[in-house]
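*Asks:* Chains as they are written, first to last, in the working numbering: chain A, 1 to 317; chain B, 1 to 505.
Don't read these hints as lab results, they were simulated from the structure. Computed from a predicted structure; not experimentally measured. Every residue, glycine too, gets a C-beta built ideally from N, C-alpha and C. Do not take every clue at face value.
Here are a few chain B residues that face chain A, going by a calculated C-beta distance under 10 Å [as the list claims (entries may be wrong)]:
(1) Leu-116
(2) Ala-127
(3) Met-129
(4) Met-337
(5) Met-351
Each computed DSSO-like pair below joins lysine-lysine, with the alpha-carbon atoms no more than 30 Å apart [unchecked claim]:
(6) A:Lys-177 / B:Lys-367
(7) B:Lys-367 / A:Lys-203
(8) A:Lys-177 / B:Lys-418
(9) A:Lys-203 / B:Lys-260
(10) A:Lys-288 / B:Lys-367
(11) B:Lys-260 / B:Lys-324
(12) B:Lys-260 / A:Lys-177
(13) B:Lys-324 / A:Lys-203
Some, not all, of what chain A presents toward chain B, calculated at C-beta under 7 Å [said to hold, decoys possible]:
(14) Asn-31
(15) Thr-32
(16) Leu-33
(17) Gly-83
(18) Gly-85
(19) Thr-178
(20) Ala-179
(21) Arg-182
(22) Asn-190
(23) Ala-197
(24) Ala-202
(25) Ala-252
(26) Arg-254
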Amino acid sequence: MKYRREASLLILVAVLSLLATLFDGSFVRDNTLDILINSIPTMIISCGVMLVIITGEIDISVGSLLGLLAAILALLCSTVSPGLGIHPYLAIPIVLTIGTLIGLGTGCLVVYGRVPSIIATLGLLIALDGAQDWLMGGGDIKHFPQQLRNLGTGTKLPINLIFTILVVVATGLLCRKTALGRRIYAVGSNRSAARLAGISEAKIKLFVFALTGLLTAMAATLWVAKLGNVSTSTGAGLELKVVTCVVVGGIAIRGGRGRLLGVVLAVILITMIRTVLNFMDLGSEAVKWQRAIEGVMILVAVTSDHFSQRQQSGGSS
Amino acid sequence: MNRTPDPIITIESVSKSYGGVEALSEICVDILPGEVHGLCGENGAGKSTLIKCLTGVIPPETGKITVDGTPLRHGDIHAAELAGIAVIYQESTAFLDLDLVDNLFVGREIKKFGWLDRRAMEKRALAVMQRLDFTLDLHTPLREFSIAQRQMVEMARACLRDCRLLIMDEPTASLSSRETKTLLGLVTQLRAAGVSVLYVSHRLEEIFQLCDRVTVFRDGKLVATTPIEQLNRDQLIGQMVGREVDVLTRHKEHTERTDKIRAKITGLCSRGRFSKISFEVRSGEILGIGGLVGAGRSELARAIFGVDRYDDGEIQIDGITLKKGSIQSAIEAGIAMVPEDRQHQGLILPMSVSENLSLTILAELTKYRLLHHDREAERVQSLMQHLAVKAANAKMEAASLSGGNQQKVVLGKWLATKPKLLILDEPTRGVDVAAKAEIHRLIRDLTEAGMATLIMTSDLPELITLSDRIEVMCEGEIAGQLEGGTATEEQVMRLAFPRGEAQRT
Numbered sequence: 001m002k003y004r005r006e007a008s009l010l011i012l013v014a015v016l017s018l019l020a021t022l023f024d025g026s027f028v029r030d031n032t033l034d035i036l037i038n039s040i041p042t043m044i045i046s047c048g049v050m051l052v053i054i055t056g057e058i059d060i061s062v063g064s065l066l067g068l069l070a071a072i073l074a075l076l077c078s079t080v081s082p083g084l085g086i087h088p089y090l091a092i093p094i095v096l097t098i099g100t101l102i103g104l105g106t107g108c109l110v111v112y113g114r115v116p117s118i119i120a121t122l123g124l125l126i127a128l129d130g131a132q133d134w135l136m137g138g139g140d141i142k143h144f145p146q147q148l149r150n151l152g153t154g155t156k157l158p159i160n161l162i163f164t165i166l167v168v169v170a171t172g173l174l175c176r177k178t179a180l181g182r183r184i185y186a187v188g189s190n191r192s193a194a195r196l197a198g199i200s201e202a203k204i205k206l207f208v209f210a211l212t213g214l215l216t217a218m219a220a221t222l223w224v225a226k227l228g229n230v231s232t233s234t235g236a237g238l239e240l241k242v243v244t245c246v247v248v249g250g251i252a253i254r255g256g257r258g259r260l261l262g263v264v265l266a267v268i269l270i271t272m273i274r275t276v277l278n279f280m281d282l283g284s285e286a287v288k289w290q291r292a293i294e295g296v297m298i299l300v301a302v303t304s305d306h307f308s309q310r311q312q313s314g315g316s317s
Numbered sequence: 001m002n003r004t005p006d007p008i009i010t011i012e013s014v015s016k017s018y019g020g021v022e023a024l025s026e027i028c029v030d031i032l033p034g035e036v037h038g039l040c041g042e043n044g045a046g047k048s049t050l051i052k053c054l055t056g057v058i059p060p061e062t063g064k065i066t067v068d069g070t071p072l073r074h075g076d077i078h079a080a081e082l083a084g085i086a087v088i089y090q091e092s093t094a095f096l097d098l099d100l101v102d103n104l105f106v107g108r109e110i111k112k113f114g115w116l117d118r119r120a121m122e123k124r125a126l127a128v129m130q131r132l133d134f135t136l137d138l139h140t141p142l143r144e145f146s147i148a149q150r151q152m153v154e155m156a157r158a159c160l161r162d163c164r165l166l167i168m169d170e171p172t173a174s175l176s177s178r179e180t181k182t183l184l185g186l187v188t189q190l191r192a193a194g195v196s197v198l199y200v201s202h203r204l205e206e207i208f209q210l211c212d213r214v215t216v217f218r219d220g221k222l223v224a225t226t227p228i229e230q231l232n233r234d235q236l237i238g239q240m241v242g243r244e245v246d247v248l249t250r251h252k253e254h255t256e257r258t259d260k261i262r263a264k265i266t267g268l269c270s271r272g273r274f275s276k277i278s279f280e281v282r283s284g285e286i287l288g289i290g291g292l293v294g295a296g297r298s299e300l301a302r303a304i305f306g307v308d309r310y311d312d313g314e315i316q317i318d319g320i321t322l323k324k325g326s327i328q329s330a331i332e333a334g335i336a337m338v339p340e341d342r343q344h345q346g347l348i349l350p351m352s353v354s355e356n357l358s359l360t361i362l363a364e365l366t367k368y369r370l371l372h373h374d375r376e377a378e379r380v381q382s383l384m385q386h387l388a389v390k391a392a393n394a395k396m397e398a399a400s401l402s403g404g405n406q407q408k409v410v411l412g413k414w415l416a417t418k419p420k421l422l423i424l425d426e427p428t429r430g431v432d433v434a435a436k437a438e439i440h441r442l443i444r445d446l447t448e449a450g451m452a453t454l455i456m457t458s459d460l461p462e463l464i465t466l467s468d469r470i471e472v473m474c475e476g477e478i479a480g481q482l483e484g485g486t487a488t489e490e491q492v493m494r495l496a497f498p499r500g501e502a503q504r505t
């Protein structure tokens, strides 16, 4: 069955909702919007990382990158020292540009420097984290202009959620309806055949890394806008959450296979687990549970992937 | 073979189906000790499935297989190995990063006090190579060997394992004539030593030269097992396709060869690969490149298509000089290439037939940056019809097609670009007789319509009947020219072998 992964994720979401409803009849009504809003950074970045993984590479630097970009935005916008108090509409494009350039740089390291992406982005993960600490100088940064906060809290409409939906739709269109999307899958499935078909592997990979940088910058902006606070630990660990969602969503870690729909469902599911566990009021126990459950889910997802591939390879003569 | 000894392997009414399609239906075959048993049939006839049943890769659904009267445990690779069934696969299954010794003994290492006894293994490796009459360096990773050499290693590995039945699946598909000869000699030697060989091949000359009996499958069913003396070529083909076909139709009466030079190669050199290659291909002409494996044909094809860089020389298409080492500029200039290895280079196996076919023309199918799915479906449909691709629908994975149909998809993908120069590297390797004839017909039709075609092939009848002119390469250089159609296989081989060796052949 083609949509097996998506179906089982949906069932898990349904089961979890049901469970929560047993605790409180109005759980779904009260929390759906919250869960969606909480999933925003992961959702946006997963769209990029998914494409990177489809090409057969990986990017695990996005957590630090988000942290660094959030710190830069905070320093540019904050109205209190050491903030520069620059207008957000000027600061945001700057941050988006920096994010894209760093993504592009990562791509160059992988494509031209021939550094395996896991190593390159592992290095960046640490380096960018260091840069974030250095920039922040230890303390939290707060006090942002209202124009920026509006993007995160919204006046009436949840602007950040609408924006996220736009990103998801655009990514879906990219995958299914553009030549570029087709080529991204082609490069990940069989790079030498793709090359012989005249597809430039370098261009494709540079694009997906740069796009991931841009999307991370967008996520950073919405993050700062929503929380109104940036600390040295902002973004920490996010890369693992993103990779988890992408893999649980059914993207083959070797590239070439998988669909956006699965990733979207996985992001919602994993955000939901957190909310439901918080909601069930297990106290400090909840945090421990959550990690264990997330871990088991990765294992289940990855092994089921392995088994379904084995089934296929037993095919006809 | 007048008196029949007891068979060593008996296959009794074995059946196997995949998703409702019967790949094997009630197959009964027995293999006698010390016989070379040919197994023929078009791709998809069930040969590979039978091999998988014999080697325990998959269990048959009904029936049984007995070795020396003892039933073989179904679906148990280890049991099959212990019973003495070894297989040399079409595509080498070697460990490319391990060296020759490691490859020979992997899974059956010789140990001393629990540690690997490399010296003993090296000794046995040398002995077995001597027996098979070849020498290769023991400590070179297999990746650095040619496909032919890797196959020799696989044969040596089988010999080391005291096998009773050696299954060879298209072993010569990627070998040159000389290597084929060595390999066939080797098979004869094995037979003399009492080893039975199940020999699967599309090359009928080899079947007639080598086999004692031939079993033919068609659509998963047994057609017949016949002693080779009672068959001629046409009858055997008849059994395979269910009708008598004229496989290698004589070449067309020369179509008017236009004088328009499509492709001009001047003084192309690439160190260690080939040198001083010059020729022209005209519109409406098929130029064949013959030669042994390793003569530099594939390398030449790759250089012309911009896959590899070259050191010196020039390639012109319709008078315009190409950029070195750029596939994109080769494609823009109107070159297309069907590569040697269709599974790894030609196709993207997990993608659908449709996605594979449209991969080269995505730009054409895009409007306002979005793919035009209806137009894509239309183009794909017309390509599939034109090429007579046999697939349930265009959404099928390319991996599930038979070899012949896969090759048609690769061809179709490039025909979609309406190339000026089509390069074909071993276009019918591992392709069944009927599909081969269709591919030949397509190549001719397209060339007559004004395309220039460059074909590299080890299949001598194909080279001679298909080409208008032939350039024979030897050790990276052009050794001579022949006229297509009138050249003989001997003439080609005489040019293909390095000087000194030619006298002996």
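*Asks:* Does the interface hint hold: is Arg-254 (chain A) within less than 7 Å of chain B, judged Cβ to Cβ?
*Replies:* 10 Å, violated
*Asks:* Is the interface hint satisfied for Ala-197 (chain A)? The criterion is a beta-carbon contact with chain B at less than 7 Å.
*Replies:* Check passed: Cβ of Ala-197 (chain A) comes within 5 Å of chain B, closer than 7 Å.
*Asks:* Is the straight-line distance between the alpha-carbon of Lys-260 (chain B) and that of Lys-324 (chain B) 30 Å or less?
*Replies:* Measuring from Cα to Cα gives roughly 24 Å; hence the hint holds.
*Asks:* Taking the least C-beta to C-beta distance, is Asn-190 (chain A) closer than 7 Å to chain B?
*Replies:* Hint holds; Asn-190 (chain A) Cβ to chain B Cβ min 4 Å, cut 7 Å.
*Asks:* So, Met-351 (chain B) near chain A? Judge it on the closest CB pair being under 10 Å.
*Replies:* Given a least distance of 6 Å, the restraint on Met-351 (chain B) holds.
*Asks:* What's the verdict on Lys-324 (chain B) and Lys-203 (chain A), does the C-alpha distance respect the 30 Å limit or exceed it?
*Replies:* 19 Å, holds
*Asks:* Is the interface hint satisfied for Met-337 (chain B)? The criterion is a beta-carbon contact with chain A at less than 10 Å.
*Replies:* OK, holds: Met-337 (chain B) within 10 Å of chain A, min 7 Å.
*Asks:* With 10 Å as the cut and Cβ atoms as the points, is Ala-127 (chain B) at the interface with chain A?
*Replies:* With a closest approach of 36 Å, the Ala-127 (chain B) hint is violated.
*Asks:* With a cut-off of 7 Å on the beta carbons, see whether Gly-85 (chain A) makes it to chain B.
*Replies:* 39 Å, violated
*Asks:* Does the nearest C-beta of chain A fall within a distance shorter than 10 Å of the C-beta of Met-129 (chain B)?
*Replies:* 32 Å, violated
*Asks:* Under the criterion that the straight-line Cα-Cα distance not exceed 30 Å, is the pair Lys-177 (chain A), Lys-418 (chain B) satisfied?
*Replies:* 24 Å, holds
*Asks:* Should the hint that Ala-202 (chain A) touches chain B count as held when the rule is a Cβ pair under 7 Å?
*Replies:* 11 Å, violated
Going down the numbered hints, you'll see the structure goes against 1, 2, 3, 9, 10, 12, 14, 15, 16, 17, 18, 24, 25 and 26, while the others check out.
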